[in-house]
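Protein chains in written order, with my numbering: chain A, 1 to 643; chain B, 1001 to 1294.
Quick caveat, the hints were computed from the structure, so don't treat them as lab data. We treat Cβ as the ideally placed atom computed from N, Cα and C, and that holds for glycine. A few of these clues could be false.
[Unchecked claim] Per label pair, the in silico range of CB-to-CB distance:
id: 1; chain 1: B; residue 1: ASP1173; chain 2: A; residue 2: LEU28; range: 39 to 45 Å
id: 2; chain 1: A; residue 1: PRO531; chain 2: B; residue 2: ASP1226; range: 56 to 62 Å
id: 3; chain 1: A; residue 1: ALA609; chain 2: B; residue 2: ARG1222; range: 49 to 55 Å
id: 4; chain 1: A; residue 1: ALA45; chain 2: B; residue 2: PHE1076; range: 50 to 56 Å
id: 5; chain 1: B; residue 1: PRO1146; chain 2: A; residue 2: LEU28; range: 35 to 41 Å
[Unchecked claim] Every beta carbon over 10 Å from chain B, so not counted as near; a handful from chain A, in silico:
id: 6; residue: ALA45
id: 7; residue: ALA46
id: 8; residue: GLY232
id: 9; residue: ALA347
id: 10; residue: GLU428
id: 11; residue: LEU579
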Amino acid sequence: MYLLNLSFLQFLTVFGSISAFAVALYLLDRSRRRQVVSTLRFWVAAEQPAAAAHRRHIQQPWSLVLQLLSMALLVLAIAQLRLGARLDAGRDHVLVLDTSAWMAARSGNRTLMDLARDRARRYLRALPARDRVMLVRADALATPATAFEPDRRKLEAAIQASRPGATALNLDQALAFARHIQSQAAGRGGEIAFVGTSRIAAREASAPPLPRNLRVLLVPDPIENCGLRKIGMRRSASDPGLWEIYVSARNYGSQPRNVTLALDFGPGGPEGRVAAGSQRLTLPPGAEKEASFEYRTEAAGILGVSLSPHDAFPGDDRAELELPAQPTLAVTVYSAEPELLKPLLAATPRVAAVYRKPEDYRSDDTGLVILDRFAPPRRPAADSLWIDPPAAGSPIPVRRVVDDQPFAGWDSSEPAAAGLRTKDFKLEHATVFDPAPGDSRIGEVDAGPVIVARPGHPKIVVFGFHPALSALRYELAAPLLFANLLRWYSPEIFRRWEIAGGSVGSVKLQMDQDTPPSDVRVTAPDGSQVPFTVRDRTLDFFSGVPGPVRVAAADHEYIYSLTLPQIGDAVWEPPADALKTIPHFPLTLDSSTDLWRILALAGGAGLLAEWILFGHFRRFRQSRVLRPVLLRAKSSDPEEVRR
Amino acid sequence: MPSAPLLDREFLEKLERFAIQWQKSFAGLVGGHNLSRFAGAGQEFLDHRNFHHGDDLRAVNWRAYLRLEKLFLKMFQVEPRVPVRMLVDVSQSMAAPHVQKFEYARKLAAALCYVGLVRLDSIEVHAFSSRLSQRLFATGGRHRFPALMDKIAAWEAQGATDYLATIREFIGDYSQRGLVIIISDFLDDRGCERALEYLIDFGHELMLLQIWADEDRLPPWRGELDLRDAETGAALRLDFDDVARQRYTLAFDEYAAQIQALALRSGGRYAGVATSQPIEDLIFGELIRARGIA
């Protein structure tokens, strides 16, 4: 006699919980309740005192016993109590089917996945009919496709629906999952059968030993494959229009290969693409080589990297990366002497400056507006930089005008004044402003601030002197100040882009600077946030779905085009003592008898009997007897009473 | 913070068309709006009778005299101003198991006072539990009502009911017969039937308004109960199930039927109501059907 669905301990736990609940309800139903009432006269007429009732309750535990017995029978029915020896019962097997990216490789006119499905079906058909099987699809993650299922048609449908994924096989995790799920099942443990190839992700040294009941049904994969491994792109630090591109390719086969790496650029789709470079590489067996390219463009588009000739696994022969456009800041300068400001703005290549005369002023300019010693009738709607404005039109009130004042210093806590150093320079003529509480004092003389920034929308900076007509023009701080101000106005144009192509799975990113995790955003292709960890400037995240993943960290943005399939680096050699063939199980008749129907009927009958003997049924019958009397009493009208 | 008034203005306006009704004719009482079977100085013609010496010549039917040459006296129906006395139960049983019964009784008393005031009746209102207390005299028109309502609202439930002592005191204080309205749950361990019969025997007309909470008639509890009487503090432990509940309700209904029979047998009126029923339904439905007001 044994339980098919539950272990004895699980049965005791379930039955104990139900029993405790039933006993608690039983006691609660009979607990004494204190109540203040208007009078006792009707209560006395209604029922006998509690002492007698107590005696009746002492006899009523038969009701509880009958309830508990019925529940025990029902739980035993759920647990599928069987008569007979457990050895005669079926076993629970876990079938681990490799669905890693490598299974999409072709061997002849079929894929490795087709071959693995065939082997899995053959294994399934070899099992005795009473055995239950759980199908687990395994790539980087192990995912159960079915429960422990005796129905072979469902299992074959699940095998047929299995497709190659995008990640490499994590064999240790898949086998650990299978072992765990088998230990949780109440039935007799069967085999863990692995069907797949021997190409897996590298195993860790601390991996647990392989299970003893492991059967390995390997699909042969003598496939020569070369493929792209990684692609990296970044704009050149010295020339923002130039992309530096690094491509890494690997030979997974056993023969040396000569391959060609070709780059093309254009809009999405095959039309309108132009060649962007090519290189030939010779890859020894198992080796990985890197090639570097340069490509000049400021346009946005798709950069394609192809490896030829193609082989039996075409999934890693081409990758495409999306290149973002280089953003620029539109600056409109209203000045009667534009030559003074041109050198300052020309120092920043990401600025597109337009120079106009003050009489051509328009208040609807976009980007940044620079007003040189000029106060317009209407303030610009966009961000603005005011240079020595007239006192009447200054956006920040003027406190006073000073002459021959030594420059006192920069407020280095302000981002616009970061890193600025000057020494002993005087301002011949400067306007001192009266800043509001939220304004930033970027530069000051003894009498007060002469450069003031006002955050908000629009952002405003006011100079109390002309930087190109004062002693500041001789200082290195002048172009740095303007660069800082442009970064403060529009930080996105200074954002650095790094683009990488790789395979899905776990990604490690070495960041250039310490960035608090709260400033880091990792976004999946569907816009959802991807979980990540940051430790010692290394950001880790996992993406199991092909597509671009964006990592925004401070002024850096990394775009990972995770479109390449992940192919395992290691080749696994199954242990010598593992079973490696389709099994042949002797046919044995199932001599055990399933009792669940009888137990369920008996449990239901017990509950029904309890209800009839002790429960509401008896009260219901009694109420049926008393109801006519009550109704007669209620319907007595005044005339009837008077009679 | 001032508490909300017992009755709102909209409800009071609806009450203005009603008058408290009584069935009996009380000899020697004149004035008022209810008709009496006794003839007197009223407005409504009742009958003719032969003229006797000493009769009021103003009531002689001179037209009949000219035609028949006999003196006939016209008799008119008197509209007596019957004293209306209201006894409101403020015992602790009215506040058990919840305070709704007491609230209901106070509202009902205030509403009947308003009806009486509008018709210029004089109503004496007494709270009672073990004896009469807190006498209020409502007369002089509706403008007296707010002060009266405030006093009724200030009543508190206290004491145990003793109908016999209360009625004895009442009969001793009021020798003139009239209409007695009793608003109560009529729950007295010693019984209230005998006391009510005293009132009937003394010649009073009764209007009994019995109020009960839903829990009083159909207790919602079940299982073992440890009960305590709200007035006497007496305790009772019992096992209460559906069958016992039906017995309880049966006993309660029988008791209510006894009270009703007592009132109707003597020509009085009875209305029983649960506090779950809105007071509007009682006044505009049950009380009109029972001819308590019209």
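### Task
Run the C-beta distances from ALA46 of chain A to all of chain B and say if the shortest one exceeds 10 Å.
violated, 4 Å
### Query
Is the gap between the beta carbons of PRO531 of chain A and ASP1226 of chain B within 56 to 62 Å?
holds, 58 Å
### Message
Does the beta carbon distance between ASP1173 of chain B and LEU28 of chain A stay inside 39 to 45 Å, or does it fall outside?
### Response
With Cβ atoms ~54 Å apart, the hint is violated.
### Message
Confirm or reject: ALA347 of chain A is not an interface residue toward chain B, with every Cβ-Cβ distance exceeding 10 Å.
### Response
holds, 74 Å
### Query
So the hint says 35 to 41 Å: do the beta-carbon atoms of PRO1146 of chain B and LEU28 of chain A match that?
Roughly 51 Å apart at Cβ, these two residues miss the hinted range, so it is violated.
### Query
Is the gap between the beta carbons of ALA45 of chain A and PHE1076 of chain B within 50 to 56 Å?
holds, 54 Å
### Least C-beta distance between GLY232 of chain A and chain B, which was stated to exceed 10 Å
holds, 76 Å
### Message
If I take the minimum Cβ distance from ALA45 of chain A to any residue of chain B, is it greater than 10 Å?
### Response
Violated, because the least Cβ-Cβ distance between ALA45 of chain A and chain B comes to about 4 Å, which does not exceed 10 Å.
### Query
Does GLU428 of chain A really sit off the interface, with its C-beta more than 10 Å from all C-beta atoms of chain B?
The assertion about GLU428 of chain A holds, with a minimum of 75 Å to chain B.
### ALA609 of chain A paired with ARG1222 of chain B, Cβ distance criterion 49 to 55 Å
violated, 22 Å
### Query
With d taken as the least Cβ-Cβ distance between LEU579 of chain A and chain B, does d exceed 10 Å?
Holds: least Cβ distance 64 Å, greater than 10 Å.
Of the numbered hints stated above, those contradicted by the structure are hints 1, 3, 5, 6 and 7, listed in ascending order.
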